[in-house]
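A.B. asks: Starting from the known structure of chain A, arrange chain B on it as the hints suggest.
One line per chain: the protein sequences are A and B, in this order. Residues in the first sequence are numbered from 1 upward in steps of one, following this note's numbering. Residues in the second sequence are numbered from 1 upward in steps of one, following this note's numbering.
What the hints contain is simulated information worked out from the structure, not anything from laboratory work. There may be inaccurate statements among the hints.
List of simulated lysine to aspartate or glutamate pairs, DMTMM-like, C-alpha gap at most 20 Å [to be verified]:
| # | chain 1 | residue 1 | chain 2 | residue 2 |
| --- | --- | --- | --- | --- |
| 1 | A | K391 | B | D650 |
| 2 | B | K334 | B | E208 |
| 3 | A | K67 | B | E629 |
| 4 | A | K24 | B | D516 |
| 5 | B | K546 | A | D114 |
| 6 | A | K47 | B | D650 |
| 7 | B | K827 | A | D393 |
If you want the building blocks of each chain, they are given just below.
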Amino acid sequence: MKRRFFKIIGMVAIVSGSLIGCTKDLNRYPLNDVTSETVYANAAGYKMAMAKIYGGFSTTSSVGTDKSDIEGVDAGTSEFTRMFWYLQELVTDEALIFWTNDEGVPALRSYAWDSQNVLTKGLYYRILFTITLCNDFLSQCTDAKLAARGISGADATNIKRYRDEVRFIRAYQYWAGMDLYGNLPFSLEVSSTPPSQIKRADLFKFIESELKALESTSSNLAEPRTNEYGRVDKGAVWALFARMYLNAEVYTSEKKYDEAVVYSKKVIDAGYTLATTYRNLFLADNNITGKSEFILTANYDGIKTQSYGASTILSHGCTNNSSVATDSLGVIGAWAGFKTTSKIVQLFPSALSNSPDKRASFTGGSNTTVSNYSDYANGGGVSIIKFRNLKSDGTKGSDNTGLYVDTDFPLFRLAEMYLIYAEAKLRGGNGDGTLALNYFNSLRRRAYQSNAGDVAILDLDLILDERARELHWEGHRRTDLIRFGKFTGGTYVWPWKGGVATGQSIDAYRALYPIPASDLNVNLNLKQNPGY
Amino acid sequence: MNCKRLLALMLLPLLAICSFAQAQDKMVTGKVTDAKDGSALQGISVMQKGTKNATQTNAEGVFKIKVNAGAVLVFSSVNYASIEVSADAASLIKLTSVAASLSDVVVIGYGTAKKKDVTGSITTIGAKDFVKGAITTPDQLIAGKVAGVSITSNGGAPGAGSRIRIRGAASLSANNDPLIVIDGVPITSDGISGSANPLNMINPNDIESFNILKDASAAAIYGNRASNGVIIITTKKGKKGKPVYAFSSQVQISEVAKTVDVLSAAQYRTFVNTHGNSAQKALLGTANTDWQKQIYQTSINVDNNLSASGSFKKVPYRFSLGYLNQTGVLKTGKFDRVSVGINLSPTVWNNHLKIDVNLKGINTQSKFAEEGAIGSAMSFDPTQPVFNGSKFGGYYEWLDGTNPNKLAPRNPLGQLMNRDNKSQVNRSIGNVQLDYKVHFLPDLRVNVNLGYDIAEGSGTDFAPAISAQYYTDSGTSNKYKEAQRNLLGDFYLNYVKEVKSLKSRFDVMVGHSYQDFLITKYNFQSFQANGQPRSGSLPPQFPYDKPQNTLLSFYGRLNYIFNGRYYLTASVRRDGTSRFAPENRWGTFSAASLAWRISDEAFLKGNKVLTDLKLRVGYGQTGQENVGERYSYLSYYNLSGNNFTYQLGDSFYHMYKPGAYDPKRRWESAETYNAGLDFAFFKNRITGTVDVYFKKTSDLLSTVDVPAATNFSNRLLSNVGNMENKGFEININTIPIQNNNFSWEAGVNLTMYDTKLTKLTNVNDPNFVGNLVGGIDGGTGGNIQIQSVGAWPSAFYVYKQVYDKSTNKPIEGLYEDLNRDGQINEKDRYIYKRPEPTVLLGFTSNVSYKKWSAGFVMRGNFGNYMYNNVWSNTGTVNNALSRTDVINNTSSNVLYTNFSSRQLLSDYYVQNASFLRMDNFNIGYTVGKVMNNKANLRLSGNVQNVFVITKYKGIDPEIAGGIDKRLYPRPRIFVFSVNVDF
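Excised from the complex, chain A in its bound form (with noise of 0.2 Å):
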């Protein structure tokens, strides 16, 4: 009996033996997914890493245009710029939208967005992943990693430049979340710790501080234009320096006009030129007809990088009229999106019917009064034809099927610049009164193509209408309208303001966006802004 016991024994351990053996069978590895080992194990891989950190200015994944890297928002809606430029335009008196089944979009038609809106939940959390993705690349780019690693010579050259561009870009999104946003959380590192928050003029200190180390001698970022396009360089570290010190008032209560003036002229004198005509900026091929006023840009392409993002809903969003889409966008399908309000309208002469300021372009027959704002068909108002997806030679960009298109969304251009050193001068800046008439007779000029437009005496009513004629839909006109007092309350109102056909004031509180009930749910250092 007890032989047997034994030997019964000795069948189980030798069977279980065997088996136990396969623990190791439970470390699975993926087959095509790469741990950062492999990510940073030389120069390309960084490239391909810095890629997906410029990339989330037009795409909304690297997988499909149907998929997000941000939860809880629409996918397709999800990408930077498109989002970007939803809160700044559709709550002003450039943008109305018709999609009013997208989640979130009624609650920004209403003037009602609450801490749940999934819109301005959905950038906040772009936003905050793109810093992240910053933080990460950045601590895989210090000097003992790529020691570590035996990235010498020019590929660390490279990269250490590839470094000081992702610290720019963490800069720019940490400015967009402080105008939008106010008080962020605040994080440089990767880290399960929930972030703190940072004060808003708190948040402007950092991004002074970061600009004035990429711009100093020990930055390795490019000289302006030096760099290849859709680049950083030292221009776009100067623009934004230019259009955070004109708003430094709002953000801190402190003014900044002298350096706005500075920085403003130092983009100017860099070697930028407008691009000959105003309708190159806005084409399929505007990466060569704009190459000269661009200074940083959100590269789209109909093949290669393709997203519902904002070129893309703007050419087929902006009309519903599908000859229109076909023969004036270059795009197939007309998506009856967007339009104008006729505040917009009456800033041009002549608006409708050709209009010698060639940035008019409007569509849409001539009732310019939108009395419907459900009714895109019938509800009367015009759109605006702006992005197009045809080439300077009038052929369409490289989708056939009219989908996805090539054209690249400026985000700082030399005409911005113009405009704000005017302002900046206006404002008390420290700059040459006759060279702001100058630059924004230049504007002028090209739009109609003479001087029939010149302006002999500037003020800065006259600056922000300009603005919209030379800016509109490029997602300026929220910041705008809140460094001139006239976002909220009731100094000015235009149609559909609040919510109602006539328009009406709204809660100085809405200035600022909420920060997302999600994020405060999960990081209890957060506080909401007031108001929400």
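C.D. replies: Chain B in isolation, oriented as in the chain A frame:
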């Protein structure tokens, strides 16, 4: 059987009649058969009522007994309902089997037990009790038959699968399907490309029984995969003896029972002329087209099965061959299945080694109809003709210049006809099980089970260049291919010892299991119809991907019986899975249950009314490791696809993206308490089971928000939630009438359950309302359901509609300001009703009279609501008339509401979807011996999906998930079948 015995048998009735003429103390002879299939029954006790005079039937079912004149005979058995028959009429006795009889073998996972010894909540459904009719997938065999099990088919497409839920859903984000084990091989619930349903790869005709392990005390032996219950499928085995052949043939005729209520051409003309502008009115055509009529057809399907069973040189075998050919009611859809099954079950070494070999091979050929046509048919303008001689194959289309208008629906019939999406799937499941009774220690069994499940699916989705849908793409030709391989190695020892001195029986099992799942998923470029790459399509970044996961387990179980009536079962399983980080990868799952056969106690023994009573209580822990993710406990970098590169300078760069990760992720675990009673009255004339349970799922995976800037996603699948689930189930089977010519069986099962989310976040924040789920049509990003603490999973989350007091109609866009803050925004949404029923009812009935039989299965769900997305998405004026170049048809609901814009989040669209459905009605006639007595013939007819009683306004109240978008309608099927045994 030799000729003499055959003769004797045939003479038996004659003998019985002869005996009638004789005086007292006559000899009565007769034969006992199963009422359902006519097979001879051995070992049935035959007793003269009121005496001890008794005998049993022999192997041929024949008995002989000497009785007094006028005696009454009682026929009884644990497996059958007993009946009393006058001895004079006892020549041919038909007994009706009890649904799950006490001596039946129950498969409990790594072993079997007798039904009477089972301590957990396990339901066994054998072949005799399967649903009859056009059964094309195994799950349909038991629909409505088992308390606590709900089976909802995913619509009426050929080969479509079902959603199976045992005692409701245990998870929010992880897999909710029960573990399915076929002949000891757990199969993966991941579907394969080219097959709609993992279960349609098994021919239902090969199935012998289902054993459903419902509570955790029973299921815990499957450890970290058992939280949703376990369904053990056992296939038919060879039977010793001369070859027996069975052939069945079915012809099924399917037709659409109901279509969506949209405006007719006449109604639509009036509608457009009332609401449209001049451009839109001008678009109206002159035809009268019922688009839904155009896309559906009456289809004819056949299902033929042949099996042979017997023994060859002492090796019992079973061989089966099946051929199913289905055509969809939606035109162009087809499903062909050829299945082969082989079982060999020899016993060698003096019965010490039992070998069981099962091999199943299956080949399916599918042609998937373009289901987008269902939606197009609902919205295509009914005043337009089907054909106009267009360049798109002649089909009328909305145009944008000379191209099809991208924002219009496509011609529904053209969409179907100009599409050829074909797939082929080959699958083989097999295992070799060796069961060795150790020579020197016969109480010990060594069991080794080696199994595999391999499948390969591939197909091409083709549309010609003229197809309107792909016109600007010059047609399409997209390939897909996927292979799966699942290997199993199982080893256990089983020691059974009866110790008389202790009045005890010990049954101990210990074992080890290894299972490995490997998928190979191929990536392809998109092509035009002519084989050229599609515009914008680039070759895939990687030719294929190979996700893999592995499970390793150790387990043990003790079954202990004391004094024949006190039972204890205890089990423990230690499971390791490759899905989680090494420190979280292992877990232990234990269970214990007790049972007490009260009816064997002195105070009940011999009771004529309550003939069996057993009390069961159990507790068990189970887990759910199938969380979808395989590797993401670490952050891996993913390289972007070729359409997702970024331009820097003149080059486009692929993007490396770090993946979101959760190093702490682990399985969901559940604890279940279960108490039950099994009972039988009047010697099995009434049998039943009652169970109550309480289940608590913890570490529930939910996609939760993570603090921004801490991970590579803002939401992460994390173990944060808790859920409670409690329920009551009762299953009763009765045989109200049973006599020799006429019998009636009826069964009813009722389930009541309630599920509540009790925790959803790591941080307890009172302002957190929940996670939105349940995507709907109409706009982008819309969700109609919510996971919210205190509510049912996926409860509807809507605005409270305000109605016009005089007309009772909803007022467009007017909702109650529930938080009274003066504005209507997201904060005014509230939780209203739920998609899952609170009560499930199943009712079956079978009547047989002489050679005729008839039966039905009815099912009811109560307390469930449905979001009518068809109404909310299409029932508005703007949906019809938003454009000037296209006009769309709408749901007839628009005539009632007159809504101009979509009001997607209104609770008006959440509608009561309780229903009572007759799934199946059947009539059968046993012709009996034909062809010179060589064969036994049975004919039957069925109607499936006979009727539905419901208040729901859409086409079908039964849609898994509770959102009615565009259901492929479940057809009504008429079935004629012939069964021949020879």
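A.B. asks: So if I understand the rule, the pair passes when the alpha-carbon distance is 20 Å or less; does K47 (chain A) with D650 (chain B) pass?
C.D. replies: holds (14 Å)
A.B. asks: Measure nothing beyond the straight line between the CA atoms of K334 (chain B) and E208 (chain B); if it is 20 Å or shorter, mark the hint as holding.
C.D. replies: violated (28 Å)
A.B. asks: With a cut-off of 20 Å on the C-alpha distance, tell me whether K67 (chain A) and E629 (chain B) pass.
C.D. replies: holds (17 Å)
A.B. asks: Would the pair K391 (chain A) and D650 (chain B) pass a check requiring their Cα atoms to be no farther apart than 20 Å?
C.D. replies: holds (17 Å)
A.B. asks: Would you mind confirming whether the straight-line C-alpha gap from K827 (chain B) to D393 (chain A) stays at or under 20 Å?
C.D. replies: violated (51 Å)
A.B. asks: Check the hint pairing K546 (chain B) with D114 (chain A) against an upper bound of 20 Å on the C-alpha distance.
C.D. replies: violated (44 Å)
A.B. asks: Has the given pair, K24 (chain A) with D516 (chain B), been kept, meaning a C-alpha gap of at most 20 Å?
C.D. replies: holds (12 Å)
Against the hints set out earlier in the document, violations occur for numbers 2, 5 and 7.
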